[in-house]
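Colleague: Here are the chains, one letter per residue:
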Amino acid sequence: MAQPPPPRRHLPSSAIASFIDRERIDKLLARWVPEAADRAFVLRCVLDEGPAHHRGANFVLLSLLGQLLDAAKASPESQGPSVPVPMRLPPHIDVGEDGFYPLSFPRKVLERLAPAGSAAQEAMIDCLTDGPPQHSLANAAMLCLISALLERSGGGAP
Amino acid sequence: MSRLGPAVASAFHVAAGELGMCSAAWLFVREVAAEGGEPLVSELRDLLGRAYPVLDAVAGRWLEGSREPKVGPDSVLAACEGASRLLVVGIEAMFLDALLPKLGQTRATLLAHSSFPVDWERVVANHERRLETVELSSLHRLAGRRSALLTFLYGTRGESTWVDPAWLRVMGADVRTQFRSIVGWDVLGSVMYLYPRWLSEAPASDFSHLVRA
Numbered sequence: 001m002a003q004p005p006p007p008r009r010h011l012p013s014s015a016i017a018s019f020i021d022r023e024r025i026d027k028l029l030a031r032w033v034p035e036a037a038d039r040a041f042v043l044r045c046v047l048d049e050g051p052a053h054h055r056g057a058n059f060v061l062l063s064l065l066g067q068l069l070d071a072a073k074a075s076p077e078s079q080g081p082s083v084p085v086p087m088r089l090p091p092h093i094d095v096g097e098d099g100f101y102p103l104s105f106p107r108k109v110l111e112r113l114a115p116a117g118s119a120a121q122e123a124m125i126d127c128l129t130d131g132p133p134q135h136s137l138a139n140a141a142m143l144c145l146i147s148a149l150l151e152r153s154g155g156g157a158p
Numbered sequence: 001m002s003r004l005g006p007a008v009a010s011a012f013h014v015a016a017g018e019l020g021m022c023s024a025a026w027l028f029v030r031e032v033a034a035e036g037g038e039p040l041v042s043e044l045r046d047l048l049g050r051a052y053p054v055l056d057a058v059a060g061r062w063l064e065g066s067r068e069p070k071v072g073p074d075s076v077l078a079a080c081e082g083a084s085r086l087l088v089v090g091i092e093a094m095f096l097d098a099l100l101p102k103l104g105q106t107r108a109t110l111l112a113h114s115s116f117p118v119d120w121e122r123v124v125a126n127h128e129r130r131l132e133t134v135e136l137s138s139l140h141r142l143a144g145r146r147s148a149l150l151t152f153l154y155g156t157r158g159e160s161t162w163v164d165p166a167w168l169r170v171m172g173a174d175v176r177t178q179f180r181s182i183v184g185w186d187v188l189g190s191v192m193y194l195y196p197r198w199l200s201e202a203p204a205s206d207f208s209h210l211v212r213a
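Protein sequences appear in the order of chains C and U. Counting along the first sequence from 1, when you hit position 137 you're at 137 in our numbering, and nothing is skipped either side. Counting along the second sequence from 1, when you hit position 171 you're at 171 in our numbering, and nothing is skipped either side.
Excised from the complex, chain C in its bound form:
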């Protein structure tokens, strides 16, 4: 029987783990998640869980957005409603606010794409907050950064 062709590129997972700098992301997220234990939880979900390529991609995207943030001297928005990220608990389990991760993103940034309260914006929120936390929390973190950058730039304000 013919052997399957070898993968085109062999990338050991240690190569991914070696470039992930947790301290960099920890420092970056401190602006939105001030409590260290909460931040450690968020970091674990974003950088230590799920397939290795997600962990690596989350690090790269957050790091580069962080560089943009620093270059723009932008800071987090302090006002406005925020969108919490729910845990994927079984549907019959309700643990109140404890069932949300300790990171939320500003709802206002989505108003650039769809009016507040519209079905489109609700659908966007659903897309951004659904899925395992290596997706949903990374989405939320990136939206926090993007929101601050857009606020700083002032461009295309809704």
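Check the hints yourself; a few may be wrong.
[Stated by the list, open to error] In silico DMTMM-like links for lysine to aspartate or glutamate, alpha-carbon gap of 25 Å or less: (1) K73(C) x D26(C); (2) K102(U) x E18(U); (3) K70(U) x E128(U); (4) K27(C) x E81(U); (5) K27(C) x D38(C); (6) K102(U) x E35(C); (7) K27(C) x E151(C); (8) K102(U) x D38(C); (9) K70(U) x E81(U); (10) K70(U) x E159(U); (11) K102(U) x D98(C); (12) K70(U) x D97(U).
[Unchecked claim] Across the chosen pairs, the derived CB separations fall in these ranges: (13) G131(C) x D74(U): 36 to 42 Å; (14) L194(U) x L11(C): 37 to 43 Å; (15) A52(C) x R212(U): 26 to 32 Å; (16) Y195(U) x S13(C): 26 to 32 Å; (17) P117(U) x P4(C): 46 to 52 Å.
These are calculated hints, taken from the structure and not from any lab test. In this text, all values refer to a predicted model and were calculated from it rather than measured experimentally. Quick reminder that beta carbons are idealized off the backbone N, C-alpha and C, glycines included.
Knowing the structure of chain C, use the given hints to seat chain U on it.
Modeller: Chain U alone, transformed into the frame defined by chain C:
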């Protein structure tokens, strides 16, 4: 003729279920030592060690001069700081006795799941309303951003550690991301010499906090 009666094996089995293997081992080793000194501890080790390797390890520690386990819960308390709920997987009564009174407002719940026959009401009654139980099917109601998960470890070596098999039922990819802190408390402090019957190997990377005895 041995001074250890034939019922010692079944007595240890019951105690291991309701007190935990390490706690029961220290209790039995102490009592046996009080009765017959080191020779009787050696005899207990030979009699039950293969069946209960945690007892073998504890008896070995006794024979090397150790007289009590290190049960200081401070590092566990630090790992659970800020948690409003603590789900405990596995029983170790001596260690829970040290931990539970210091938890303050944190509510502790024990997973009612064991390889041993356990009277859960009796187990909970030992802890003076500081502990309640939850079934495996309902453990998610303890999840949350202010929830911590704790299990007892029976030795660590490199990336490996040994746990109550219930831990493997709990530690899925979903649960990992629904508890803020995942704490492994090494209650044995040494690697077992014998095959770790009753226990399962788990990666040390399961834990956000490893507390060594």
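Colleague: Does the structure keep K27(C) and D38(C) at a Cα separation of 25 Å or less?
Modeller: With a Cα-Cα distance of about 13 Å, the restraint between K27(C) and D38(C) holds, given a limit of 25 Å.
Colleague: Checking one constraint from the list: CA of K27(C) to CA of E151(C), max 25 Å. Satisfied?
Modeller: OK: K27(C) and E151(C) at ~21 Å, within 25 Å.
Colleague: Hey, K70(U) versus E159(U), does the alpha-carbon distance stay inside 25 Å?
Modeller: Status holds; Cα separation ~22 Å.
Colleague: Checking one constraint from the list: CA of K70(U) to CA of E81(U), max 25 Å. Satisfied?
Modeller: Satisfied, since the Cα-Cα distance of roughly 21 Å is no more than 25 Å.
Colleague: For the pair supplied as a hint, K102(U) and E18(U), confirm whether the alpha-carbon distance does not exceed 25 Å.
Modeller: holds (22 Å)
Colleague: If I claimed the Cβ atoms of G131(C) and D74(U) lie 36 to 42 Å apart, would that claim hold in this structure?
Modeller: Cβ of G131(C) to Cβ of D74(U): about 38 Å, so the range 36 to 42 Å holds.
Colleague: Sort out whether D38(C) lies within 25 Å of K102(U), counting only the CA atoms.
Modeller: Holds, because 22 Å separates the two Cα atoms, which is no more than 25 Å.
Colleague: Does 37 to 43 Å hold as the CB distance between L194(U) and L11(C), or does it fail?
Modeller: This hint holds: roughly 40 Å between Cβ atoms.
Colleague: For K70(U) and E128(U), compute the direct alpha-carbon distance and say whether it is at most 25 Å.
Modeller: Holds: K70(U) and E128(U) sit about 23 Å apart, inside 25 Å.
Colleague: Cβ-Cβ distance between P117(U) and P4(C): within 46 to 52 Å?
Modeller: At 49 Å between Cβs, range holds.
Colleague: Does the structure keep K70(U) and D97(U) at a Cα separation of 25 Å or less?
Modeller: Judged against 25 Å, a Cα distance of about 13 Å means the pair holds.
Colleague: Within 26 to 32 Å: is that where the Cβ-Cβ distance between A52(C) and R212(U) falls?
Modeller: holds (28 Å)
Taken one by one, the earlier hints all hold for this structure without exception.
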